[in-house]
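Kindly produce the complete structure, drawing on both the sequences and the hints.
So the protein lines, in turn, are chains A and B.
Per my numbering, the first sequence starts with residue 1, numbered consecutively.
Per my numbering, the second sequence starts with residue 1, numbered consecutively.
Treat each hint with caution, since some may be false.
In this list, chains with the same sequence are indistinguishable; a pair is considered to hold if it fits within one copy or across any two.
What the hints assert, rightly or not - Listed next, the in silico SDA-like pairs over lysine to any residue satisfying Cα-Cα at most 25 Å (straight line):
(1) Lys5 to Tyr205
(2) Lys5 to Ala97
(3) Lys378 to Asn34
(4) Lys62 to Thr296
(5) Lys62 to Arg26
(6) Lys123 to Gly142
Derived from the structure by calculation, the hints contain no laboratory data.
Remember, it's a predicted structure, so these values are computed and weren't measured experimentally.
There are 2 protein chains.
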Amino acid sequence: MVSTKYQNMLTAKSVIREMAEFAAMRGNEIGYENVFDFSLGNPSVPVPPRFSEAIIELLGTKTSRELHGYSPSLGIQAVKEKITSHLNHRYKMTYTANHIFMTAGAAGAIAHALRLVTNPGDKVLTFAPYFPEYAPYVNLSGAKLEIVPPDMVDFQIDFACFEEMLTAEVTAVLINTPHNPTGAIYNEATLTQMAELMTAKQKEYGHDIFLISDEPYRDVVFSGQNQPYISSYYANTLSCFSYSKSHSIPGERIGYLAVNPAATAADLLVPMSGQISRGIGHNCPASLIQLAIAETLDVTVDMSVYETNMNILYNELLALGFNCRKPEGTFYIFPQALEADAAVFCRKALAYDLILVPSDSFGCPGHFRIAYCIQTEKVERSLSAFRRFVEEEYDKKSH
Amino acid sequence: MVSTKYQNMLTAKSVIREMAEFAAMRGNEIGYENVFDFSLGNPSVPVPPRFSEAIIELLGTKTSRELHGYSPSLGIQAVKEKITSHLNHRYKMTYTANHIFMTAGAAGAIAHALRLVTNPGDKVLTFAPYFPEYAPYVNLSGAKLEIVPPDMVDFQIDFACFEEMLTAEVTAVLINTPHNPTGAIYNEATLTQMAELMTAKQKEYGHDIFLISDEPYRDVVFSGQNQPYISSYYANTLSCFSYSKSHSIPGERIGYLAVNPAATAADLLVPMSGQISRGIGHNCPASLIQLAIAETLDVTVDMSVYETNMNILYNELLALGFNCRKPEGTFYIFPQALEADAAVFCRKALAYDLILVPSDSFGCPGHFRIAYCIQTEKVERSLSAFRRFVEEEYDKKSH
Numbered sequence: 001m002v003s004t005k006y007q008n009m010l011t012a013k014s015v016i017r018e019m020a021e022f023a024a025m026r027g028n029e030i031g032y033e034n035v036f037d038f039s040l041g042n043p044s045v046p047v048p049p050r051f052s053e054a055i056i057e058l059l060g061t062k063t064s065r066e067l068h069g070y071s072p073s074l075g076i077q078a079v080k081e082k083i084t085s086h087l088n089h090r091y092k093m094t095y096t097a098n099h100i101f102m103t104a105g106a107a108g109a110i111a112h113a114l115r116l117v118t119n120p121g122d123k124v125l126t127f128a129p130y131f132p133e134y135a136p137y138v139n140l141s142g143a144k145l146e147i148v149p150p151d152m153v154d155f156q157i158d159f160a161c162f163e164e165m166l167t168a169e170v171t172a173v174l175i176n177t178p179h180n181p182t183g184a185i186y187n188e189a190t191l192t193q194m195a196e197l198m199t200a201k202q203k204e205y206g207h208d209i210f211l212i213s214d215e216p217y218r219d220v221v222f223s224g225q226n227q228p229y230i231s232s233y234y235a236n237t238l239s240c241f242s243y244s245k246s247h248s249i250p251g252e253r254i255g256y257l258a259v260n261p262a263a264t265a266a267d268l269l270v271p272m273s274g275q276i277s278r279g280i281g282h283n284c285p286a287s288l289i290q291l292a293i294a295e296t297l298d299v300t301v302d303m304s305v306y307e308t309n310m311n312i313l314y315n316e317l318l319a320l321g322f323n324c325r326k327p328e329g330t331f332y333i334f335p336q337a338l339e340a341d342a343a344v345f346c347r348k349a350l351a352y353d354l355i356l357v358p359s360d361s362f363g364c365p366g367h368f369r370i371a372y373c374i375q376t377e378k379v380e381r382s383l384s385a386f387r388r389f390v391e392e393e394y395d396k397k398s399h
Numbered sequence: 001m002v003s004t005k006y007q008n009m010l011t012a013k014s015v016i017r018e019m020a021e022f023a024a025m026r027g028n029e030i031g032y033e034n035v036f037d038f039s040l041g042n043p044s045v046p047v048p049p050r051f052s053e054a055i056i057e058l059l060g061t062k063t064s065r066e067l068h069g070y071s072p073s074l075g076i077q078a079v080k081e082k083i084t085s086h087l088n089h090r091y092k093m094t095y096t097a098n099h100i101f102m103t104a105g106a107a108g109a110i111a112h113a114l115r116l117v118t119n120p121g122d123k124v125l126t127f128a129p130y131f132p133e134y135a136p137y138v139n140l141s142g143a144k145l146e147i148v149p150p151d152m153v154d155f156q157i158d159f160a161c162f163e164e165m166l167t168a169e170v171t172a173v174l175i176n177t178p179h180n181p182t183g184a185i186y187n188e189a190t191l192t193q194m195a196e197l198m199t200a201k202q203k204e205y206g207h208d209i210f211l212i213s214d215e216p217y218r219d220v221v222f223s224g225q226n227q228p229y230i231s232s233y234y235a236n237t238l239s240c241f242s243y244s245k246s247h248s249i250p251g252e253r254i255g256y257l258a259v260n261p262a263a264t265a266a267d268l269l270v271p272m273s274g275q276i277s278r279g280i281g282h283n284c285p286a287s288l289i290q291l292a293i294a295e296t297l298d299v300t301v302d303m304s305v306y307e308t309n310m311n312i313l314y315n316e317l318l319a320l321g322f323n324c325r326k327p328e329g330t331f332y333i334f335p336q337a338l339e340a341d342a343a344v345f346c347r348k349a350l351a352y353d354l355i356l357v358p359s360d361s362f363g364c365p366g367h368f369r370i371a372y373c374i375q376t377e378k379v380e381r382s383l384s385a386f387r388r389f390v391e392e393e394y395d396k397k398s399h
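Dropping the structure here:
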C-alpha cells in the first residue's frame, strides 16, 4: 500500500496552480501574450547580468571539484562568510558563518526552521491572509498551524486576537513581511509590540517562542518605504531568505536560514539543520549556484518595474471603485472583490482573460490577489480588460 | 524548547565525516597531497567539458525566465522527456515523463521513495554492508530500517536470512548495486531470485513490497562486467539515480526517481512526490542544472581512471596478504582488516597518513573501505605507505 498521507493530499489542488494552468491553456488558444496572467509570483525582470557572468567566470577559472564536488551539507563556508559580512554590514547584526544554513530557497529554510524549533504536536501561529503553502510546511513537520484572523484595517497585526491565540502550546510564530498577498510591510510599531508580547509570553510560559520570518521580498520595497530587519527586534528569530526575487532566479532554489546569534541554542541550530537534511535526502542548493550568489550579493534586479506596475494597477483599481490598500512592497496587490464570493468574482474575470487568484485559500475571503511581476506593457494592456470586466459584470457606480 | 529529535542526532557523528575531517586537518600540517585520503566518495575525474559548455550555451541563448524562472515541482517537462528517451532506449523500458520525478540526487530520490511506499511503522529491509546514511533516510521517514546480515562469500544476498526477515510488516526493500562499499554487482541470478521471492511474498501477504533501487554507480562498471537494469526484473521498482558520479557533479545535487510503469499506482507516485516536496520545502534541483543535464545525457566522465586505481590497489592488497573481493564497479574496495577491530586497524593506519574508513557503521565489522576516486598518481604513492603500515604493525607472513 502506498502512503495514505501523500495519496490523500493529491485531492486538494492549489487554486494558484489551477489558475496558472488555465492561463497556460488559454494561452495556447489565443496566444499567451493575450492572457493577462496575474496568477503566479514568477519574476518577470531578467536576472542581473553579473549573475550569468559570475557563472561563466567560475566555469573558466575554478577546478571541477571546486565547482561541482561535494559541498558541506551546511553550505559552502566561503559563501556563508560572504553572506554574513553582507548581513552584518547592512543590518548591524553579529552573525558568523555558523549561524547561516544554505537552503533550497525560503521554502527550504521555513521547512527546516519549523523542524528545528517545534516538537510533535506543538502549535505554530501565522496571520491571515497567509501564503497557502504554509499549511503543508507546518502540518507535515509534525506541528499544527493555527491562523490568527486578519487585521483588516491595514494588514498589520490584530494584537487582541494574537494574544488570545498565543497559548502555552505555541512554540513558533511565522510571519512574512513584505507580505504576500497584501504588499504590506510590518512597521516598527508592529514589530516592537510583537516582540514585547512574545518576550512576555516566553517568560510567562517558561519556554521559547521562536519567530520564523519569511523574507523573500525583503528587497522588494517601494520608494519611501522601509522594511525594518526583523531579527533586530527579537532574539529568538530565524530569518528565511530566498534569492528568488532579488535575483529573479526562483528556479535555482537558493536561499538561507539565518539564526540570530542571541537566540536560544544559536550554535546548535545550524548543525541540527544538517541532521534534518539527512532525513529528507538533503536540501542544500547546487554548489555552482551557491558560488555564483556569493559573487553577486550586492546586486539585485531592477525592482522599479514592480513599483511602476503597482502604481498603474493601483490607480486604475481605485478609479474603478475597488477597495484596496496601496502595497508598500512585493509584487502583489490584494483588492476587495466586487462581490462577496471571490471565487465567483475571479471565475467571471476569466471571460475577460484576467487571471486573478481568489483569496479564500489565503484565509481572508472576499479578496483577490494580482501578481504583477509581468511586463509593464502587458499590465497597461490589461487595464481595458479590467474596465470592461467591471462595467459589464458590475454596476461601477454602486461602489 | 528546540527539537529534541534533531538535537539528539547531533551526538552521533559519521565516521566517514570524522575521517575526512582528520584528513583535512592533517593536510593543513603536511600538505594535503601527502595525505592518502581514501575517506570520501568525492569524484576526482573532472566534469565532462560538454557539461560546462552546455551551461555557457544556455546562458547565451535562453531567456532569464526560461533558465531561472519557477520550474514545475515535478521537474522540467522537456528534461524529463529526454531522460525518458534515454532510459527507454538504453534499458528497453516504457517510461513516460509522468514516471520521472527530478530530485536532489539519489539521496533526495531515496528519501522521497521511502515516503511514497511506506506508512508509519512499516519496515524497510536493506542488506549489510550498507551505506550508513540509509538509517536516517529510513528512520526519519517514519518507517523502520532492518538490516539483513551480509553474504560474506561474494556480497550478493543471503536468501535464507532475507526470506526470514521479509515479514508482512515489510513494505520496501532498499538495494544498492553497483554496491557501496564493496564494489560488488548484483548479478542476474541474484536479481531473478530476489524478484521471485518478493513476488511470492506480495501474493502471500496481499500487499505490495516495493524495491527501492539506489543506483548512483550504475555507470561505474568495470570492463567485462555488466549491471543488469534492476527495474526490468520487478514491476514494483523505484529507481533512484544521481548524476554525481556519471558527471562528477555531486555538489550540484541532481538526480531522479524513475517509477516502473508497471508498478502499483505508477501514475500516482510522481504527483505524490510533489506533495512530499511541499512538506519539506522542496527538493527539486536547480533549473539551470536540470537544463544542462538534459543536454549531456549521453556523456559520462572518463571512468577508466577508477578501474585503473582499483587494479593498482587490489593487486597490492592481495600481495600484502589482505583478504579482499575484486570490485566489479564503483570506486570502493572493501578488504578485511588485519585485526578483528577495524576501528583499531584504521586508527593505526592514520600514523601512515592512510585515511581508511572502518566498516562497523556499514553493519559488517572487521573490514575497511577505501574510496579510490582520487588521482592515480596518489594511489601509486600510497602503496609504500600501505607496505610500511602492514610490515610495521602486522606480521605480514601470518596472513
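Verification of the hints:
In this assembly of identical chains, Lys5 and Tyr205 lie within 25 Å of each other by CA distance solely across copies; the values are 22 Å between and 33 Å within a copy. With identical chains, the CA atoms of Lys5 and Ala97 are at most 25 Å apart between copies only, with a shortest distance of 24 Å across copies and 37 Å within one. Taking the shortest alpha-carbon separations for Lys378 and Asn34, only the intra-copy value of 8 Å comes in at or below 25 Å, while the best inter-copy value is 62 Å. Both within a single protomer and between protomers do Lys62 and Thr296 lie at most 25 Å apart by alpha-carbon distance, with minima of 17 Å and 21 Å respectively.
In the homo-oligomer, the alpha carbons of Lys62 and Arg26 lie at most 25 Å apart only across protomers (24 Å), although the nearest pairing inside one protomer, at 45 Å, exceeds that limit. Proximity of Lys123 to Gly142 under the C-alpha cut-off of 25 Å is found in both arrangements, the shortest distances being 9 Å within a copy and 21 Å between copies.
Hint check: no violations occur; every hint is consistent with the structure.
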